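Asker: Model the full structure from these sequences, guided by the hints.
Top to bottom, those sequences are chains H and D. For the first sequence, the residue numbers in numbering that gives the first Met the number 0 are 0 to 271. For the second sequence, the residue numbers in numbering that gives the first Met the number 0 are 0 to 285.
Please note that the accuracy of each hint is not assured.
As the list claims (entries may be wrong) - Mimicking DSS-like on lysine-lysine, the simulated pairs with C-alpha atoms at most 27 Å apart in a straight line are:
#1 H:197 to D:24
#2 D:103 to H:175
#3 D:84 to H:175
#4 D:24 to H:175
#5 D:103 to H:197
#6 D:110 to D:84
#7 D:184 to D:84
Claimed, not checked - From the structure, some residues in chain H lie toward chain D, with a derived Cβ separation under 10 Å:
#8 179
#9 183
#10 200
#11 201
#12 202
#13 204
#14 205
#15 208
Please keep in mind that the hints were generated in silico from the structure rather than gathered at the bench. Note that the coordinates shown come from a computational prediction; the quantities given were computed from them, not determined experimentally. No residue lacks a Cβ here, since even glycine has one placed at the ideal position from N, Cα and C.
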Amino acid sequence: MRDLTIGQYYPGQSLLHKTDPRVKIILTLVFIFIIFFCKNFFSLGLMVAALLAGVLLSRVPLKMMLKSMRAITFIIIITALLNLFYSTGGKVLVSFKFFKITDTGVYTAIFVAVRIMALIVGSTLLTYTTTPTMLTDAIERLLKPLKLFHVPVHTLAMMMTLALRFIPTLMEEIDKIMNAQKARGADLESGGLMQRAKALVPILIPLFVSSFRRAYELAFAMECRCYTGGEGRTRMKQMKLKGLDSVLIVGCAVLLGGVIALNIFFKAFNVG
Amino acid sequence: MPIIRLENVTHNYGDGTPLCVSAIKNINIEIEEGELVGIIGHTGSGKSTLIQHLNGLLSPTQGRVWIDGEDIWQNKKNIRSVRFKVGLCFQYPEYQLFEETVFKDIAFGPKNMKLSEEEIKQRVLEAAEFVGLTPELLEKSPFDLSGGEKRRAAIAGVMAMKPKILVLDEPTAGLDPRGKESILKLILRYKEATGATVLLVTHNMEDVARIATKILVMNRAQVLMYDTVKNVFAHSEELEKIGLTVPQITRVCRELKKRGLDLDESIYTVEDACAALLPLLKKGVG
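Answerer: Rendered as structure tokens:
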């Protein structure tokens with residue numbers, strides 16, 4: 000529990016780390032949109048190439064990227080298999096009783112698998128290069144227009160930041176509480192479901208009590224520093240668009256153009 | 000036979016990752032029954048990791064832990080019984096108090112030992128008396144107690160298991176002088192009444208000087224010294240080098256000696272200092 004990372008931020012000084020988080024969020028959304036827009040292997044290939052360039056640019060080790068993929072391997076395999084067996088048309092490659100595998104099926108399966116992987120890598124690239132605090136800050140700025148409709152954007156963002164901030168603290172606390180109860184002979188590892196649920200009581204009660212205490216203390220500390228909500232608050236780190244951000248935006252636009260061009264040019268090879 | 004024996008104990012956090020750190024390294028130590036050992040060392044020296052090995056909360060990456068002549072990891076399933084033999088009480092009572100009443104909370108340990116109702120009740124009352132919690136307090140919610148009372152309730156919760164070895168992590172930290180004194184007294188009382196071996200992790204040298212029979216000094220994941228209080232405090236300069244202090248009175252005596260008084264440098268109680276200084280005063284030296 001000690002080395003649990005939240006938000007899986009990978010510290011670094013790369014260009015992608017320095018990019019404005021607002022730009023990163025929007026571009027990630029655009030990127031996902033473009034990936035769905037790809038119709039054949041050529042346009043998807045362009046996106047994968049762009050993605051690899053992004054990964055290299057972020058200097059996040061490839062190993063870390065693959066790690067984020069492990070959790071969804073199962074989903075990728077299932078989707079690929081479904082596409083493999085349920086696609087019709089094209090040449091029949093293998094046929095076994097009522098199973099039929101066609102070449103279209105194979106192409107679609109590969110295409111879908113690559114697409115899902117590209118989506119995952121694209122979005123992890125965002126969380127690897129942006130701290131949770133920066134993310135919530137950026138979301139707050141992006142959602143600012145919603146204030147017109149009386150959505151308490153600042154409060155929501157502050158809640159999110161605080162929640163993220165306290166996850167590691169609570170983890171540490173659970174560890175300490177468990178040790179204290181185990182030292183008194185609490186048995187957390189054996190017994191049936193009911194017994195195990197009961198065994199959680201000595202852990203949960205001190206955890207709740209201390210969470211409430213922490214919440215009070217934090218509220219007092221914030222009030223002592225004259226926190227009154229979002230009205231009139233300025234930031235220490237102003238988010239300003241720089242040359243680098245414009246380059247990325249333009250790059251993304253070029254990608255979109257490239258994908259459209261490739262989609263039209265290789266129309267004959269479109270998958271699905 | 001020593002009641003606690005650690006043989007080449009090493010513990011690494013994050014073993015097998017690039018973030019691997021040895022919290023304790025090659026610890027070899029033997030503690031005899033009936034000692035009251037003060038464990039000192041600055042933050043991060045490995046004290047907490049060390050004491051969590053004694054009751055099997057942590058298992059050593061390397062090495063063996065012997066309690067009462069038994070290798071505690073010989074039979075992994077029995078690790079819970081080791082925790083009844085070695086009572087460990089952590090610094091923050093907030094992390095362990097959870098029941099509706101103080102009585103029930105102190106009974107948590109004995110209940111886990113599967114003792115009879117009768118026996119549990121007797122043990123709770125006994126432990127409460129040791130730590131000086133009145134019967135009215137026992138019916139209160141543990142969350143309504145004062146800081147010092149909470150601390151005492153937590154210690155009672157461990158004492159009620161009647162451990163042969165009692166390990167206390169900073170039992171006096173953050174208490175006012177009177178609260179501190181009463182905790183130290185109850186530790187001494189418990190030790191005298193039960194003959195238990197007591198280990199006391201602390202930052203406070205005055206506490207150690209006051210009640211310990213031996214001192215274990217931890218530095219950078221290793222045992223720097225394990226000796227009688229007098230012998231350890233005689234190395235005051237070495238202790239200061241690693242960021243620890245010696246009791247005030249020891250420092251006073253050392254300075255007096257530097258100025259030419261014929262004094263023993265390892266005096267660590269005010270009583271001893273008086274006994275050594277009075278004759279000198281009477282002789283009219285200084």
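Asker: Have a go at the residue 201 (chain H) hint: is there a Cβ in chain D nearer than 10 Å to its own Cβ?
Answerer: At 5 Å from the nearest chain D Cβ, residue 201 (chain H) passes the 10 Å test, so the hint holds.
Asker: Is the straight-line distance between the alpha-carbon of residue 24 (chain D) and that of residue 175 (chain H) 27 Å or less?
Answerer: holds (23 Å)
Asker: Does residue 183 (chain H) meet its interface restraint, that is, does its C-beta lie within less than 10 Å of any C-beta in chain D?
Answerer: holds (4 Å)
Asker: For the pair we were handed, residue 110 (chain D) and residue 84 (chain D), check the Cα-Cα distance against 27 Å.
Answerer: Holds, at about 15 Å.
Asker: Is the interface hint satisfied for residue 205 (chain H)? The criterion is a beta-carbon contact with chain D at less than 10 Å.
Answerer: At about 5 Å, which falls below the 10 Å cut-off, the nearest Cβ of chain D leaves the hint on residue 205 (chain H) intact, so it holds.
Asker: Measure nothing beyond the straight line between the CA atoms of residue 184 (chain D) and residue 84 (chain D); if it is 27 Å or shorter, mark the hint as holding.
Answerer: Holds, because 22 Å separates the two Cα atoms, which is no more than 27 Å.
Asker: Given the hint that residue 103 (chain D) pairs with residue 197 (chain H), does the C-alpha gap stay at or below 27 Å?
Answerer: Holds: residue 103 (chain D) and residue 197 (chain H) sit about 15 Å apart, inside 27 Å.
Asker: Under 10 Å, Cβ to Cβ, is where residue 204 (chain H) needs to be relative to chain D, so tell me if that hint holds or is violated.
Answerer: Interface hint status for residue 204 (chain H): holds (4 Å vs cutoff 10 Å).
Asker: Tell me if the interface restraint on residue 179 (chain H) is satisfied: Cβ within less than 10 Å of some Cβ in chain D.
Answerer: holds (4 Å)
Asker: Straight-line Cα separation of residue 197 (chain H) and residue 24 (chain D) no greater than 27 Å?
Answerer: Given pair residue 197 (chain H), residue 24 (chain D) is violated - Cα atoms ~38 Å apart, limit 27 Å.
Asker: Taken at face value, is the distance from the CA of residue 175 (chain H) to the CA of residue 103 (chain D) at most 27 Å?
Answerer: holds (21 Å)
Asker: Tell me if the straight-line CA distance from residue 84 (chain D) to residue 175 (chain H) falls inside 27 Å.
Answerer: The given pair, whose Cα atoms are some 20 Å apart, holds under the 27 Å limit.
When the structure is compared with the earlier hints, a violation turns up for hint 1 alone.
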